[in-house]
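Enquirer: For chain H, the structure is supplied; the task is to place chains U and V on it using the hints.
Chains as they are written, first to last, in the working numbering: chain H, 1 to 257; chain U, 258 to 567; chain V, 568 to 985.
There could be a bad hint or two in this list.
What the hints assert, rightly or not - Pair by pair, the computed Cβ-Cβ distance ranges are:
1) F263(U) with S606(V): 49 to 55 Å
2) F722(V) with N391(U): 41 to 47 Å
3) Q67(H) with Q477(U): 51 to 57 Å
4) A915(V) with D185(H): 30 to 36 Å
5) E726(V) with F263(U): 29 to 35 Å
6) E581(V) with G178(H): 33 to 39 Å
7) Q477(U) with E581(V): 52 to 58 Å
8) H977(V) with K417(U): 48 to 54 Å
These are calculated hints, taken from the structure and not from any lab test. What you are looking at is a predicted structure, and each value in this text was computed from that prediction instead of being measured. For glycine and all other residues, C-beta sits at the position ideal for the given N, C-alpha and C.
Here is how the chains run, residue by residue.
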Amino acid sequence: MNTPVLKLTDVQKSFGPAKIIQGVDLEIAKGERHAIIGPNGAGKSTLFNLVSGLYSLSSGSVELNGQVISGKKPFEINRMGLSRSFQVSNIFSNMSVRENVRCGVLWSLGYGYSFWRNVGNLKEVQEKTAHILNEVGLLDKANLPASLLPYADQRTLEIAITIAGGAEVIMLDEPTAGMSHSETDRAVALIEKAAKGKTLLIVEHDMGVVFGLADRISVLVYGEIIATGKPSEIRGDPRVREAYLGEEADHFEGATA
Amino acid sequence: METIVFSLLNGIIYGLLLFMLSSGLTLIFSMMGVLNFAHASFYMLGAYFAYTVMGATNYWVALILAPIIVGVVGMGVERWGLRRVHANGHVAELLFTFGLAYLIDEIVKIVWGRTSVNYQVPDALNFPLFTIYNAQYSAYRIFILFVAIFMLCALWYLLKKTRAGLIIQAALTHPHMVGHLGHNVPAIFMGVFGAGCALAGLAGVIGGNYFITDPAMAVQMGPIVFVVVVVGGLGSLEGAFVAAMLIGLLQTFAISINASFADIFGFLGLSPTSEFGSITIASMAPMLPFLLLVLILIVRPTGLMGDREV
Amino acid sequence: MTTDYAALEPSRSEKFRQRILPLILFALLLVVIPFFGPSRTTLTLLNHMGINIVFALAFNMLLGRAGLLTFGHAVYVGLGGYFCVHILNWIDASDGGFWSSVPVFSMPIWGFAMGALAGAVIGWPSCKRSGTPFAMISLGVAELMAAFAYMFDSFFGGEMGISGDRMSGPEFLGLSLGPLDEVYWFIAFWTFVGVALMFAFTRTPLGKLSEATRDNPERVQFIGFNPTRVRYLVFIFSGAFAGMSGGMAAVQDEIFTPESLSLIPSGAVLIAAYIGGIRYFTGPIMGAIVLTYMQSNLSDYSAGWLLYLGLLFICVVMFVPNGIAGMVYGGYDAVRKGKTAEVLGQFALRALGVALMAVSVIVIVEVAFRYSEGYGEVFEPFGLSLPPESVLTWILAVVPLAAGIWLTRHVTRKAEEV
Numbered sequence: 001m002n003t004p005v006l007k008l009t010d011v012q013k014s015f016g017p018a019k020i021i022q023g024v025d026l027e028i029a030k031g032e033r034h035a036i037i038g039p040n041g042a043g044k045s046t047l048f049n050l051v052s053g054l055y056s057l058s059s060g061s062v063e064l065n066g067q068v069i070s071g072k073k074p075f076e077i078n079r080m081g082l083s084r085s086f087q088v089s090n091i092f093s094n095m096s097v098r099e100n101v102r103c104g105v106l107w108s109l110g111y112g113y114s115f116w117r118n119v120g121n122l123k124e125v126q127e128k129t130a131h132i133l134n135e136v137g138l139l140d141k142a143n144l145p146a147s148l149l150p151y152a153d154q155r156t157l158e159i160a161i162t163i164a165g166g167a168e169v170i171m172l173d174e175p176t177a178g179m180s181h182s183e184t185d186r187a188v189a190l191i192e193k194a195a196k197g198k199t200l201l202i203v204e205h206d207m208g209v210v211f212g213l214a215d216r217i218s219v220l221v222y223g224e225i226i227a228t229g230k231p232s233e234i235r236g237d238p239r240v241r242e243a244y245l246g247e248e249a250d251h252f253e254g255a256t257a
Numbered sequence: 258m259e260t261i262v263f264s265l266l267n268g269i270i271y272g273l274l275l276f277m278l279s280s281g282l283t284l285i286f287s288m289m290g291v292l293n294f295a296h297a298s299f300y301m302l303g304a305y306f307a308y309t310v311m312g313a314t315n316y317w318v319a320l321i322l323a324p325i326i327v328g329v330v331g332m333g334v335e336r337w338g339l340r341r342v343h344a345n346g347h348v349a350e351l352l353f354t355f356g357l358a359y360l361i362d363e364i365v366k367i368v369w370g371r372t373s374v375n376y377q378v379p380d381a382l383n384f385p386l387f388t389i390y391n392a393q394y395s396a397y398r399i400f401i402l403f404v405a406i407f408m409l410c411a412l413w414y415l416l417k418k419t420r421a422g423l424i425i426q427a428a429l430t431h432p433h434m435v436g437h438l439g440h441n442v443p444a445i446f447m448g449v450f451g452a453g454c455a456l457a458g459l460a461g462v463i464g465g466n467y468f469i470t471d472p473a474m475a476v477q478m479g480p481i482v483f484v485v486v487v488v489g490g491l492g493s494l495e496g497a498f499v500a501a502m503l504i505g506l507l508q509t510f511a512i513s514i515n516a517s518f519a520d521i522f523g524f525l526g527l528s529p530t531s532e533f534g535s536i537t538i539a540s541m542a543p544m545l546p547f548l549l550l551v552l553i554l555i556v557r558p559t560g561l562m563g564d565r566e567v
Numbered sequence: 568m569t570t571d572y573a574a575l576e577p578s579r580s581e582k583f584r585q586r587i588l589p590l591i592l593f594a595l596l597l598v599v600i601p602f603f604g605p606s607r608t609t610l611t612l613l614n615h616m617g618i619n620i621v622f623a624l625a626f627n628m629l630l631g632r633a634g635l636l637t638f639g640h641a642v643y644v645g646l647g648g649y650f651c652v653h654i655l656n657w658i659d660a661s662d663g664g665f666w667s668s669v670p671v672f673s674m675p676i677w678g679f680a681m682g683a684l685a686g687a688v689i690g691w692p693s694c695k696r697s698g699t700p701f702a703m704i705s706l707g708v709a710e711l712m713a714a715f716a717y718m719f720d721s722f723f724g725g726e727m728g729i730s731g732d733r734m735s736g737p738e739f740l741g742l743s744l745g746p747l748d749e750v751y752w753f754i755a756f757w758t759f760v761g762v763a764l765m766f767a768f769t770r771t772p773l774g775k776l777s778e779a780t781r782d783n784p785e786r787v788q789f790i791g792f793n794p795t796r797v798r799y800l801v802f803i804f805s806g807a808f809a810g811m812s813g814g815m816a817a818v819q820d821e822i823f824t825p826e827s828l829s830l831i832p833s834g835a836v837l838i839a840a841y842i843g844g845i846r847y848f849t850g851p852i853m854g855a856i857v858l859t860y861m862q863s864n865l866s867d868y869s870a871g872w873l874l875y876l877g878l879l880f881i882c883v884v885m886f887v888p889n890g891i892a893g894m895v896y897g898g899y900d901a902v903r904k905g906k907t908a909e910v911l912g913q914f915a916l917r918a919l920g921v922a923l924m925a926v927s928v929i930v931i932v933e934v935a936f937r938y939s940e941g942y943g944e945v946f947e948p949f950g951l952s953l954p955p956e957s958v959l960t961w962i963l964a965v966v967p968l969a970a971g972i973w974l975t976r977h978v979t980r981k982a983e984e985v
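Same shape as in the complex, but just chain H (with noise of 0.2 Å):
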């Protein structure tokens, strides 16, 4: 097999005495569009927190393609290979949309720090931009201040940014969350289109979403993941029924993908 994407090797994180991520094994592969799901509470978040370097890991260890890039800084970790999105919409509130995008794609084109060009003037700044708006849908509203973009718009944009680095890994946390049916169908249709040709790990609640995107699922419970396979093996564990017990267990039921 060859080395995975992203490994995951007893990852833990411990706020003083609470334990929150308790020994995390994970390998993703190549190409591969992997969700993670698990009831509130479970550590989802954390993990993506971990994974993208905001948070330190209490011990452990994950390698981006065979790198260790744990104990590094996010913007070192992004400029890897890796992407991520966020729960609540975290974009720059006070430019414009298009400002927005641009800001993503700066890094990647080579653009660092530079104070002696002109925005402007990089055409191919200018093309990428445009290329991610009209691919996400939000050319119409590239000039908007971002602030005064509709919910469901600002989401979007949340993952134009992420994308528009042109990472390999993508992470998107919730991406749908909050969302209507149809504005779901759209964000499902839009990550799809993204995550062509890279890997995409996904934190969801909607196990529409969930079963209908992804190739593999791992199932996170207390800071543990107790199983990890194809969404058919997981629609039928045991184990993973019980930790959805009740009303979401019908979720299991309902997502037929």
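Expert: Chains U and V in isolation, oriented as in the chain H frame:
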């Protein structure tokens, strides 16, 4: 030995005064996120109010009344000023208090004049209490010591033993939680702001006649109080106390050391007539707190005892 | 597909109208002013406006564009300025060496370099933090520098400061820099250069990233940038442009004192930028013009001008957070949308309300000032006599204030209903 004892006593008094000022600032800063730039202006107001009240009645009335008036003024500022600005974020709040400091300075100049006022130690306390090393030690200084320690105990009791204190303590460490507790947050904010200002006012009442009461006293004291709060660590009254004592002693001791750099580093060949060599430790005293601030923020961003990143 | 993309960017004519045209108009204005034959006082005022415009814009690179509040930005003006006064003296004393070939005209460049150096040194520790701690460090550094300035006489010249002579050294562009009108050309040139460069900076990748870091430092990390690095680089530039204004001031005033590094000018630039409007590039320019004017003129009329300034500042913070520029652009927008009458009407009512309140405030302040000074002087505006015991004084102090407050509240409430 003589210098050491005197510096120690004076340093402790100065430190306690600093703590009285910075405890209010810490409460306000930690709970509301507002760095009250005008805090030292309330200290100045305390001194001036005391001077005026003392002129009409006597010192003891002033000691009680002046901090209360300052506290009421503070509550007014919170109610009709700060609360409005709150929605625009912390920078706007900081700027508001910055402008307020300007304003109070100018108003003080209008009301009480541009030169210092003759705010004196009351006769009842204006005698040498004891004599050590053939030098007399004023009773008023010891009085300051007692007032400060009394305030310290009262504050401790309030915070540790009363319900209001528990809420405030919770808010100090988890500022976002106050709202969820179901308490009337605006009223708590107003109260805390008023109480913080009243503490500053009290420091003014007992410090104004110990030092000097003039329109520049706020500008001189203000930055040092900030230093205490940040060096001590946000949300930590204990830290503020340690930092206040540290800075109080540091400055008082530095003033009493007349040695120059050349005296200390002479073995390195530093000439006493050179510009650097002729600088004395005493002349460095005013800048020591700021040196400490910059060093602390670089080395230990949480401050001495704070657990929150500033 | 590519056809869509072109519509994204502002068109060529739009770019010209929004970016180049204002600069051309600004340059024209600078060129035209001397033809009105300004007096010596006016020229001095204009020169100081130019210096303060550059300083305020440099300051706003931090506060407005990067979200970094500093209480000690005059440090960089002071260091740049002091360095330039020293250079003036070296030029004066040089006899064929390197300095004898340096024209005084180039001072702002030296100030720029010194400001950048100071920014690079001081910014290194300060920029590790942001928000309130950053503001605190800037305050600490400013106090430290002010203390240093009084300690090292050989560089700072003690309380008296150091002075130089701008007329030495080789001439540049035929300017001897002796008479004030020649100094005007010098200031005008560098003001334009400063404004143009700082505007250009907002258009660079770093300039955009600085705004992104202001809005959301966390997210900046996840698009591959180190927010600390962004802040640090912006800080160096801001220090450099502040130093440049110091170089301009060195030539205009020919003297620098330790006061120039103190908290007073640092506070003044903060007030200027904020009153002008920190969200807009042109805001600090407007603020610098207004404040310089107030500083030089109002201080002659009233001993209480600092009080008025403080009041004005607090009112701006509380009621018009976008400053003068915000009002100007807001009005312009409304006019373009064809709501001229409505906006003008509201504006007039508000202005009337503010004016009424101002009348009372001025009466109170002026009467109080004269009363507290105790010389028995009476405030006599427009032939009125307003001693503190007169009934008219009290009426003027209360009635317009109440009327003004009622009027502005009324207008605000109506505006909210719509």
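Enquirer: Each of the hints needs a verdict: does it hold here or not?
Expert: Now the hints, each set against the structure:
Evaluation of the 49 to 55 Å hint for F263(U) and S606(V) yields a failure: the beta carbon distance comes to about 60 Å. As the Cβ distance of F722(V) to N391(U) is approximately 44 Å, the hint placing it in 41 to 47 Å holds. Between Q67(H) and Q477(U), the C-beta spacing of about 55 Å keeps the proposed range 51 to 57 Å intact. Between A915(V) and D185(H), the C-beta spacing of about 52 Å breaks the proposed range 30 to 36 Å.
Checked against the hint of 29 to 35 Å, the pair E726(V) and F263(U) passes, with Cβ atoms roughly 31 Å apart. A hinted range of 33 to 39 Å holds for the C-beta pair E581(V) and G178(H), which are about 36 Å apart. Checked against the given bound of 52 to 58 Å, the beta carbons of Q477(U) and E581(V), roughly 53 Å apart, stay inside it. Roughly 50 Å separates the CB atoms of H977(V) and K417(U), a value that falls within the hinted 48 to 54 Å.
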